[in-house]
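Q: The chain contents come next:
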Amino acid sequence: MRKLLIASVAAAALILPGMSLAQDTIKIGVLVALEGAFAEGGKDGVRNVELALKEAGGMAGGKKLEIVVAPSDTTPDTAVRQARKLIEQDRVDFIIGPLSGSEGIAMRDYAKSIPDKTVINGISGALETTWVDPAPNFFRFNLDGAQWGTGLGRYVVEQKGWKRIASVAADYSFGYTNFLGFAVDFCKAGGDIVERFWVPLGSSDYAGVIAALPDDVDAIYLGVGGTDAINFLNQYEQAGADTNLIGGTIMADATVLAAKGRAKEALIGTPTSGPLASDDPSPAWQAYVASYRAAFPEGERFPTPSLFGVGYYIATKAAINALNAVNGDLSNGQAAFKTALATLPLETPLGTVTLNENRQATGSVVVTEVEEGPDGNLRSVFKARTEGVTQTLGMTPEEFRAMGLPSRDTPDCAKLRGG
Amino acid sequence: MEAFFRRHPVWAAIILIAAAAAAWLILAPWPPALEEALGRKRVFLNAVFSGITLGALYFLVASGFTLIFGLMRNVNLAHGSLYLLGGYIGYEVSDATGSWLLAFPVVFVIVAALGVVLQYVVFRRMEGEELRQTLVTIGLSVVVADILLWVWGGSSYQILTPDWLSGPMDLPVVAAVRENGDLVWLRYPQVRIWILIAAILLGVAMWLVMNRTRVGMLIRAGVDDREMLAASGVRIQLVFLGVFAFGAGLAGIAGIVGGTFQSLSPGEDTRFLLASLVVVIVGGMGSIPGAALGAVIIGLSEQIGLVYAPTYSVVFTFLIMAAVLAFRPQGLLGRSR
Numbered sequence: 001m002r003k004l005l006i007a008s009v010a011a012a013a014l015i016l017p018g019m020s021l022a023q024d025t026i027k028i029g030v031l032v033a034l035e036g037a038f039a040e041g042g043k044d045g046v047r048n049v050e051l052a053l054k055e056a057g058g059m060a061g062g063k064k065l066e067i068v069v070a071p072s073d074t075t076p077d078t079a080v081r082q083a084r085k086l087i088e089q090d091r092v093d094f095i096i097g098p099l100s101g102s103e104g105i106a107m108r109d110y111a112k113s114i115p116d117k118t119v120i121n122g123i124s125g126a127l128e129t130t131w132v133d134p135a136p137n138f139f140r141f142n143l144d145g146a147q148w149g150t151g152l153g154r155y156v157v158e159q160k161g162w163k164r165i166a167s168v169a170a171d172y173s174f175g176y177t178n179f180l181g182f183a184v185d186f187c188k189a190g191g192d193i194v195e196r197f198w199v200p201l202g203s204s205d206y207a208g209v210i211a212a213l214p215d216d217v218d219a220i221y222l223g224v225g226g227t228d229a230i231n232f233l234n235q236y237e238q239a240g241a242d243t244n245l246i247g248g249t250i251m252a253d254a255t256v257l258a259a260k261g262r263a264k265e266a267l268i269g270t271p272t273s274g275p276l277a278s279d280d281p282s283p284a285w286q287a288y289v290a291s292y293r294a295a296f297p298e299g300e301r302f303p304t305p306s307l308f309g310v311g312y313y314i315a316t317k318a319a320i321n322a323l324n325a326v327n328g329d330l331s332n333g334q335a336a337f338k339t340a341l342a343t344l345p346l347e348t349p350l351g352t353v354t355l356n357e358n359r360q361a362t363g364s365v366v367v368t369e370v371e372e373g374p375d376g377n378l379r380s381v382f383k384a385r386t387e388g389v390t391q392t393l394g395m396t397p398e399e400f401r402a403m404g405l406p407s408r409d410t411p412d413c414a415k416l417r418g419g
Numbered sequence: 001m002e003a004f005f006r007r008h009p010v011w012a013a014i015i016l017i018a019a020a021a022a023a024w025l026i027l028a029p030w031p032p033a034l035e036e037a038l039g040r041k042r043v044f045l046n047a048v049f050s051g052i053t054l055g056a057l058y059f060l061v062a063s064g065f066t067l068i069f070g071l072m073r074n075v076n077l078a079h080g081s082l083y084l085l086g087g088y089i090g091y092e093v094s095d096a097t098g099s100w101l102l103a104f105p106v107v108f109v110i111v112a113a114l115g116v117v118l119q120y121v122v123f124r125r126m127e128g129e130e131l132r133q134t135l136v137t138i139g140l141s142v143v144v145a146d147i148l149l150w151v152w153g154g155s156s157y158q159i160l161t162p163d164w165l166s167g168p169m170d171l172p173v174v175a176a177v178r179e180n181g182d183l184v185w186l187r188y189p190q191v192r193i194w195i196l197i198a199a200i201l202l203g204v205a206m207w208l209v210m211n212r213t214r215v216g217m218l219i220r221a222g223v224d225d226r227e228m229l230a231a232s233g234v235r236i237q238l239v240f241l242g243v244f245a246f247g248a249g250l251a252g253i254a255g256i257v258g259g260t261f262q263s264l265s266p267g268e269d270t271r272f273l274l275a276s277l278v279v280v281i282v283g284g285m286g287s288i289p290g291a292a293l294g295a296v297i298i299g300l301s302e303q304i305g306l307v308y309a310p311t312y313s314v315v316f317t318f319l320i321m322a323a324v325l326a327f328r329p330q331g332l333l334g335r336s337r
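Heads up: the protein sequence lines correspond to chains A and B, in order. All residue numbers for the first sequence refer to this note's numbering, where the first residue is 1 and numbers rise by one. All residue numbers for the second sequence refer to this note's numbering, where the first residue is 1 and numbers rise by one.
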């Protein structure tokens with residue numbers, strides 16, 4: 001009998017704090033890659049979640065907000081393990097994250113097993129996450145990799161006159177998706193992809209690939225990011241190669257442009273595309289950059305927020321926005337909260353974002369070029385903008401499906417050029 | 001040499017033919033038919049040179065490992081942690097002083113001192129108890145890996161090449177012939193070539209010390225029969241300390257080299273521990289020339305595999321290891337006891 005009493009007291013002690021918290025505090029799990037190629041971007045993600053909370057005064061819908069950070073290492077199994085820890089041990093109300101493409105696909109599947117909770121994507125950009133059998137409680141307020149690639153292909157063909165290219169990109173879902181976005185445009189504008197090289201995420205030795213790059217091309221598309229990009233550029237420079245470069249979305253990001261060393265100088269003049277241009281004059285972006293700079297001392301942040309940081313900032317904003325709209329009501333399987341997330345248009349530093357029926361954002365994509373700024377820092381400078389890029393890149397869903405899911409060999413360039 | 005030819009005429013002929021074929025593949029311009037089959041010569045040459053320079057790096061890590069094992073029968077599974085620690089310290093030193101060269105002596109001294117502590121405090125207490133040593137070193141490597149993660153974080157570091165070593169150099173090897181008959185020389189990263197040269201010099205120096213000096217004699221005697229050497233009045237613990245310090249220092253230096261042409265991040269410690277294990281298994285436990293041979297074989301198979309069969313490249317290393325274990329379990333240059 002005594003044992004039973006002790007056991008029930010112990011069990012109550014375990015449960016009670018969670019219950020009392022649920023009354024006046026909302027716990028947010030932040031799932032973010034803090035190890036591996038994107039560790040610097042992940043740190044910027046955490047900074048931006050803190051920034052968004054600070055701007056909201058740490059409150060939303062009349063409740064106090066509290067965050068729990070769970071680190072992953074860009075692999076899907078770690079992401080799911082950490083997400084499970086957030087839900088089961090830390091008892092968070094919803095998760096913001098993950099960061100990397102294949103983690104996103106794994107989290108889509110995990111989200112289906114926790115229908116009463118909500119997952120708001122951090123910055124992962126694989127197409128399948130919200131395209132193939134999407135989870136009803138998974139929301140993505142950033143564009144996917146294919147959307148980010150839009151406009152770049154046409155730009156390099158028409159403005160730069162580069163028609164024959166080879167590509168080196170990361171061998172995982174985001175690498176494929178981001179390259180597909182570029183290639184669709186590029187091939188339709190008459191470009192030709194001579195050879196495609198795929199390198200594992202997190203590989204460190206690119207000498208073999210660099211040597212195998214063909215000489216007779218106008219440019220090389222680079223779809224690697226984080227420290228992979230820095231390693232690649234270092235070895236590219238050491239090998240004395242100097243072909244024109246085209247950057248994938250994470251190639252010319254602040255995480256790479258702020259790296260130490262000379263290798264990044266190979267990027268000067270490189271066109272790239274993505275959701276943001278660091279010199280965007282719009283008041284929303286400028287106000288955000290000013291707030292970011294004011295919140296963190298100079299040595300502990302990038303000159304302007306990175307792509308990864310912006311993603312986590314917008315995701316947190318979306319959560320706060322929806323919580324305010326429903327007065328912090330997370331009852332009934334968070335039904336009201338989910339409806340608010342899915343339907344409310346969101347004002348972000350990158351413009352207004354709306355979600356489609358797959359809970360995937362539609363938004364604008366910019367083409368930028370890397371330039372050396374007056375202070376010696378590299379930055380991406382605005383060149384062109386495409387408004388309202390949809391998940392199917394302006395095609396009908398049938399046309400988009402007919403192209404196949406992004407993979408090593410999809411899309412087929414010759415077919416697109418013909419059609 | 002002559003004895004080998006007389007005893008194994010068939011093997012000698014095969015080795016000679018293979019060497020001649022390799023020399024021809026590397027030196028001569030390729031006929032079009034061969035380019036058709038294997039791709040451009042530049043790609044092949046680059047894979048070969050990358051393999052050899054990667055082998056140089058593996059040699060630096062594995063030679064310390066094999067020395068320690070040969071003398072003390074001590075499988076130090078924390079060797080990879082010494083590599084990674086050396087790399088991180090090298091990064092801090094070269095970042096703070098701006099001098100890449102200065103990092104080498106500093107790292108060598110620090111990591112060697114750590115090796116002395118390890119040997120004196122830990123291994124001396126469990127001499128001859130192999131299971132305990134293995135478990136303790138695995139434990140140490142886990143602890144050290146977590147401390148490194150705590151101090152340096154999860155992001156990856158790259159040690160910058162000094163200006164005078166960055167950029168490519170032309171090697172006296174023909175990469176291609178232009179249509180007008182001009183020869184195109186192979187361009188290859190300078191820093192890798194110099195590291196290769198340094199590794200070769202170091203290997204030769206180690207061989208000379210082992211075979212021509214009194215210290216080397218002591219070590220060789222210790223490898224053959226530890227008890228007899230101790231019984232003849234040599235202070236064997238001092239020899240052990242010296243060898244452990246040297247082996248650890250080498251691993252630390254290898255960390256700087258690895259951080260210069262690849263990068264440093266959590267997980268590299270086990271990668272290099274595994275690589276040096278494979279290298280010494282292939283080359284033969286306790287043999288310096290064996291470590292060199294094993295390192296070059298593993299480096300070449302990794303890089304050539306990566307270029308010609310990327311999907312299976314990981315398997316080749318282990319196939320080689322399995323083949324060696326099956327047909328020559330003591331390693332290519334190891335001695336059976």
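Mixed in with the good hints, there may be bad ones.
Unchecked claim - Residues from chain B shown here face chain A by an in silico Cβ test under 8 Å; the list is partial: (1) N74; (2) G154; (3) P162; (4) R187; (5) V191; (6) V307; (7) A309; (8) T311; (9) T317.
Think of the hints as simulated: they come from the structure by calculation, not from any bench. Note that beta-carbon positions come from the ideal geometry of N, C-alpha and C, so glycine has one too.
Q: Look at each hint and say if it fits the structure.
A: Against the structure, the hints come out as follows:
A hinted interface residue such as N74 (chain B) counts as satisfied when its beta carbon comes closer than 8 Å to some beta carbon of chain A; here the least separation is about 30 Å, so the hint is violated. Below 8 Å, beta-carbon pairs count as interface contacts, and G154 (chain B) has one with chain A at about 3 Å; its hint therefore holds. Hint status for P162 (chain B) relative to chain A: violated, with the closest Cβ pair at about 11 Å, above 8 Å. Of the supplied interface hints, the one on R187 (chain B) holds, with its beta-carbon coming within about 5 Å of a beta-carbon of chain A, less than 8 Å.
Because the closest C-beta pair between V191 (chain B) and chain A is about 7 Å apart, less than 8 Å, the hint holds. Annotation: V307 (chain B) was flagged as interfacial toward chain A, and the flag holds, the nearest CB pair being 5 Å apart, inside 8 Å. For A309 (chain B), the shortest C-beta to C-beta distance to chain A is roughly 12 Å, which exceeds 8 Å, and the interface hint is violated. Against a cut-off of 8 Å between C-beta atoms, the interface hint on T311 (chain B) is violated, since the closest Cβ of chain A lies about 10 Å away.
Checking T317 (chain B) against chain A: minimum C-beta separation of about 14 Å lies over 8 Å; hint violated.
The structure fails hints 1, 3, 7, 8, 9 (numbered hints given earlier, in ascending order).
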